[in-house]
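Make the full structure from the sequences, and use the hints.
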Amino acid sequence: MTFDVTVEVHLRPGIADPQGATIERSLPHLGFDGITGVRVGKLITFTLDAADEASARREVDDMSHRFLTNPVIEDASVRIVAGAGASA
Amino acid sequence: VVLFPGSNCEHDAVEAVRALGGEAEILWHQNPTVNGVDAVIVPGGFAHGDYLRPGAIARFSPVMGAVSAFAAEGGPVVGICNGFQVLTEAGLLPGALQKNAGLKFVCSQTTLRVETTNSVLTSRAAVGDELVIPINHFEGNYTASPDTLAELRADDRIVVRYVDNPNGSADDIAGICNAGRNVVGLMPHPERAISGLLGSTDGVVLLSSLLDAAAARTAAGV
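Protein chains in written order, with our numbering: chain A, 1398 to 1485; chain Y, 19 to 240.
In case anyone wonders, no lab produced these hints; they're calculated from the structure. Just so you know, even glycine gets a beta-carbon here, dropped at the ideal spot from N, CA and C. Among the clues, some could well be false.
With the C-beta cut set under 7 Å, the calculated list includes, among others, these residues of chain Y facing chain A [stated by the list, open to error]: (1) R71; (2) A114; (3) Q116; (4) L121; (5) K122.
Put into structure tokens, the structure is as follows:
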């Protein structure tokens, strides 16, 4: 089966985010007020062939931990959707 | 001296080693061995374009398996700047290098304080020595869990600290070593501080220490 995978990589809570802080400081200059808690992450999307959703999730979790994130400073949240080519 | 696509300080490192009387060769990252060398330098630059994260892809290059094996049997390994990032990603050193706290690329001379002489990079120095060494990085903000930081302090594994922290690094850390003290990573560039023409010769004591470690290995017939 084919799955559409989305991996969101974000800095772990408590890890300073200088990019987010800079965006937050800049927003009021453009007239956007009342914004707090800006954090910057990454979005990684791909399609994956796997036997079923459980094995797709195992593989994505493994690659997230070993490659797509640096677990010292980053977390990932994973979304897996059976793709257009998937059989029901 | 390991060369990844995107490394850009390998010739500086080679020149520095030769200027100090050592022999140096370049190890292409696809090479699955370290060619029997007595010490490895992982130089600065942007290995594999720093894509995904600095060092994230470099750690899978075939040469890194050989570097890990060399380090595991006590071989001296020094990662400079991007090389430090590669060694943390490869798990040879703990922690991570994050974007600088000020979100600025910093390129300047810094003053480092030697915190331990028990490492392959500082054996010739004295604790408390202040060395002027340049830095040149965007992601040099050393970050680690409180447990890891406590362990580094307790085991005397913080090798050099910034006198005036330029990038937000935890505990002013500029460089650390592994438990075996034969793997050192640091953000500053000692290979760019080996001649008066470059503004400082304070890198000599560091790289000479590394050459001593390499020579000791040759003498021991390892």
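Looking back at the numbered hints, which does the structure fail to meet, lowest number first? The structure breaks only hint 5.
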